[in-house]
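There are 2 protein chains.
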Amino acid sequence: MAAPTYDVVGIGNAIVDVLAQAGDDFIAAEKLAKGTMALIDEARAHALYGRMGPGIEASGGSAANTIAGVASLGGKSAYIGKVAGDLLGRVFAHDLRAAGVHYVTPPLEGGPATARCLILVTPDAQRTMNTFLGASVEFQPGDIDRALVADAQVTYLEGYLFDRPLAKAAFRQAGEIAHHAQRKVSLTLSDPFCVDRHRADFRDLIRGHVDILFANEAEICSLYQTKNFYEAAAAVRAEAEIAVLTRSEKGAVVITAQHEVEVPAAPVAKVVDTTGAGDLFASGFLYGFTRGKDMAHCAKLGALCAAEIISHFGARPETKLGELAAKAGLA
Amino acid sequence: MAAPTYDVVGIGNAIVDVLAQAGDDFIAAEKLAKGTMALIDEARAHALYGRMGPGIEASGGSAANTIAGVASLGGKSAYIGKVAGDLLGRVFAHDLRAAGVHYVTPPLEGGPATARCLILVTPDAQRTMNTFLGASVEFQPGDIDRALVADAQVTYLEGYLFDRPLAKAAFRQAGEIAHHAQRKVSLTLSDPFCVDRHRADFRDLIRGHVDILFANEAEICSLYQTKNFYEAAAAVRAEAEIAVLTRSEKGAVVITAQHEVEVPAAPVAKVVDTTGAGDLFASGFLYGFTRGKDMAHCAKLGALCAAEIISHFGARPETKLGELAAKAGLA
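Sequence order for the protein chains is P and W. Note that my numbering gives residue 876 to position 252 of the first sequence, counting from 1, and the numbers run on in steps of one. Note that my numbering gives residue 845 to position 221 of the second sequence, counting from 1, and the numbers run on in steps of one.
Derived from the structure by calculation, the hints contain no laboratory data. It should be emphasised that the depicted structure is a prediction, and the values quoted were computed from it without experimental measurement. Among these hints, one or two may not hold up.
Copies of the same chain look alike in the list, so a pair counts if it works inside one copy or between any two.
Said to hold, decoys possible - Only pairs whose alpha carbons sit at most 30 Å apart, straight line, appear in this in silico DSS-like list of lysine-lysine:
{"no.": "1", "residue 1": "K655", "residue 2": "K917"}
{"no.": "2", "residue 1": "K917", "residue 2": "K851"}
{"no.": "3", "residue 1": "K951", "residue 2": "K792"}
{"no.": "4", "residue 1": "K894", "residue 2": "K792"}
{"no.": "5", "residue 1": "K944", "residue 2": "K792"}
{"no.": "6", "residue 1": "K894", "residue 2": "K944"}
{"no.": "7", "residue 1": "K951", "residue 2": "K655"}
{"no.": "8", "residue 1": "K851", "residue 2": "K700"}
{"no.": "9", "residue 1": "K874", "residue 2": "K894"}
{"no.": "10", "residue 1": "K700", "residue 2": "K808"}
{"no.": "11", "residue 1": "K951", "residue 2": "K894"}
{"no.": "12", "residue 1": "K944", "residue 2": "K655"}
{"no.": "13", "residue 1": "K700", "residue 2": "K944"}
The task is simple: from the sequences and hints, build the whole structure.
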């Protein structure tokens with residue numbers, strides 16, 4: 625087997641974020657569930673945008689954030705995801721390529737606009753997301769670049785994309801291609817409500833195709849329908865080769881058949897915006913994994929990257945993560 | 625004379641910023657003059673964007689930043705400036721209105737796209753700007769909302785707009801309307817190269833129409849063709865009723881016929897991006913001025929607002945400036 629060209633290829637919803645500050649009263653008035661992601665249609669996106677505060681636009685998309693983070697650490701990464709041929713689509717493509725990511729998925733012709741996510745950041749730095757999926761869900765098995773998936777050490781799948789049957793089929797196909805080429809498959813559960821909508825399919829996918837599973841506390845508890853984190857952690861050990869469970873300020877736990885490794889959260893002077901915390905944790909972990917580092921090292925890299933991203937607005941790194949890692953003795 | 629509805633109305637180039645980090649090597653390779661603003665055409669904008677790093681998009685425009693700052697301090701403010709009917713134009717209008725600014729200039733139909741400014745932020749936090757003026761310079765006397773100008777305590781003019789003859793005419797007209805209504809007129813010089821291109825016209829405008837002049841060290845020295853700041857400061861005293869001269873980390877000097885007041889720069893934990901420092905200094909100063917505060921108080925408010933804006937990326941406040949001012953005992 626030839627060495628793969630890419631460390632990680634990500635597959636996900638190609639989204640541009642619109643970030644604005646909001647008070648808890650706004651979250652309540654708009655009947656939003658704080659800290660989660662809701663899918664909205666275009667009309668609702670317009671109406672909500674009209675009532676939101678001043679925003680900044682920044683490329684996002686969970687897996688795309690992760691992949692940009694891998695590149696910032698010095699890894700070779702690629703991305704597969706669908707934008708439209710509009711201004712936001714060009715912005716999304718520019719930002720990924722300028723970050724050093726290989727990205728060649730052709731834009732959608734004549735369909736909906738590029739996806740956007742209206743993100744409300746409350747004074748507690750929590751983010752509440754409202755996603756108009758637009759072009760990003762016109763994703764189907766034909767969009768999987770088979771050669772690219774076979775040529776990456778890890779294929780990283782974003783659970784959010786799981787909301788459409790064709791995307792689910794594309795995921796299973798990507799998993800099969802990767803495993804056929806003796807590569808690893810990784811999945812992030814993305815959101816407790818998303819897990820709730822597709823629990824059985826997620827569990828099938830994990831058992832059949834996933835080597836490295838990422839989830840936060842709410843997501844893993846939703847997957848196993850328990851309120852007890854330790855019960856969920858015990859359940860996942862039987863189903864995933866490696867489970868990386870993130871717990872915000874309580875740090876993270878990595879669970880394998882043999883081991884359980886806990887690492888603390890990395891210190892942050894001021895938490896400004898938690899958007900992308902999980903995505904960047906995955907960047908660090910996967911970068912370490914593709915460099916053959918042990919689980920504790922991988923998780924510490926994850927915590928370091930998550931700490932950088934929550935120290936400012938937006939979900940793409942403002943600091944070269946490779947330099948941060950070197951300074952922390954984790955290169 | 626009835627009390628005016630608005631504290632400040634700003635007139636300027638309506639621009640969306642694209643901010644990206646860049647090394648000094650990039651600035652050199654692109655032959656850019658660090659810390660200044662260059663006008664570029666659409667082709668150059670595309671080419672430069674293609675070579676820039678990942679960006680964030682945020683509404684900008686010098687006078688618009690100032691006006692958004694006045695609103696964030698709790699003032700009543702309005703803006704006049706031209707966008708196109710495209711996505712960036714809608715983003716610009718949303719961000720101003722959501723900040724509480726009265727903004728009703730109709731978008732340009734069938735002309736160039738909304739203006740954008742490619743801003744490269746170097747590791748020393750300096751910003752180097754490359755502006756494609758697009759729709760913003762299709763500005764002419766007919767776009768001046770006479771009733772609005774007459775109904776604002778201060779009309780604030782952005783020197784950048786001075787690059788076109790029709791915009792110059794619009795400025796003089798705005799000055800006349802304001803003075804006829806017994807209001808004040810303020811001008812910012814914007815950029816040393818802009819001053820160099822239009823020195824004689826700027827000096828005419830200042831002598832004939834301007835009550836409060838804003839300039840930084842490079843701009844005031846360019847206006848009076850001297851390398852000596854104190855010479856320039858002496859020269860401006862004879863020509864402007866109030867001159868507010870900002871000097872980055874050295875603070876600011878306010879010069880009137882009777883007084884000279886110096887205030888230090890406000891402390892900043894970490895200077896991230898100096899974009900908007902001068903614009904937000906003007907916000908604080910003008911807000912204090914419209915509240916009848918003395919020159920030292922106005923300048924301290926200016927320094928406080930400038931310190932907020934340079935602590936993060938982008939030129940619109942991330943913190944409610946009115947709350948910052950209250951905490952600092954400057955409300």
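Evaluation of the provided hints:
1. Taking CA atoms no more than 30 Å apart as the test, K655 paired with K917 passes in neither setting, with 44 Å inside one copy and 42 Å between copies.
2. In this assembly of identical chains, K917 and K851 lie within 30 Å of each other by CA distance neither inside one copy nor across copies; the values are 32 Å within and 57 Å between.
3. Taking the shortest Cα distances, K951 and K792 never come within 30 Å of each other, neither inside one copy (40 Å) nor across copies (53 Å).
4. For a Cα distance limit of 30 Å, the shortest separation of K894 from K792 qualifies neither inside one copy, at 38 Å, nor across copies, at 45 Å.
5. In the homo-oligomer, the alpha carbons of K944 and K792 never lie at most 30 Å apart, since the shortest distance is 34 Å inside one protomer and 44 Å across protomers.
6. In this homomeric assembly, K894 and K944 come within 30 Å of each other (Cα to Cα) both inside a single copy, at 19 Å, and across copies, at 17 Å.
7. For a Cα distance limit of 30 Å, the shortest separation of K951 from K655 qualifies neither inside one copy, at 43 Å, nor across copies, at 32 Å.
8. Taking the shortest alpha-carbon separations for K851 and K700, neither the intra-copy value of 38 Å nor the inter-copy value of 50 Å comes in at or below 30 Å.
9. Both within a single protomer and between protomers do K874 and K894 lie at most 30 Å apart by alpha-carbon distance, with minima of 16 Å and 27 Å respectively.
10. Taking identical chains as interchangeable, the C-alpha atoms of K700 and K808 lie at most 30 Å apart only when both belong to the same chain, with a minimum of 15 Å there against 58 Å between chains.
11. Taking identical chains as interchangeable, the C-alpha atoms of K951 and K894 lie at most 30 Å apart whether they share a chain (20 Å) or sit on different chains (19 Å).
12. Within a single copy, K944 and K655 get their C-alpha atoms only as close as 38 Å, which misses the 30 Å cut-off; across copies the closest is 24 Å, which meets it.
13. Taking the shortest alpha-carbon separations for K700 and K944, only the intra-copy value of 14 Å comes in at or below 30 Å, while the best inter-copy value is 41 Å.
Hints 1, 2, 3, 4, 5, 7, 8, counting from the list given before, are not met by this structure.
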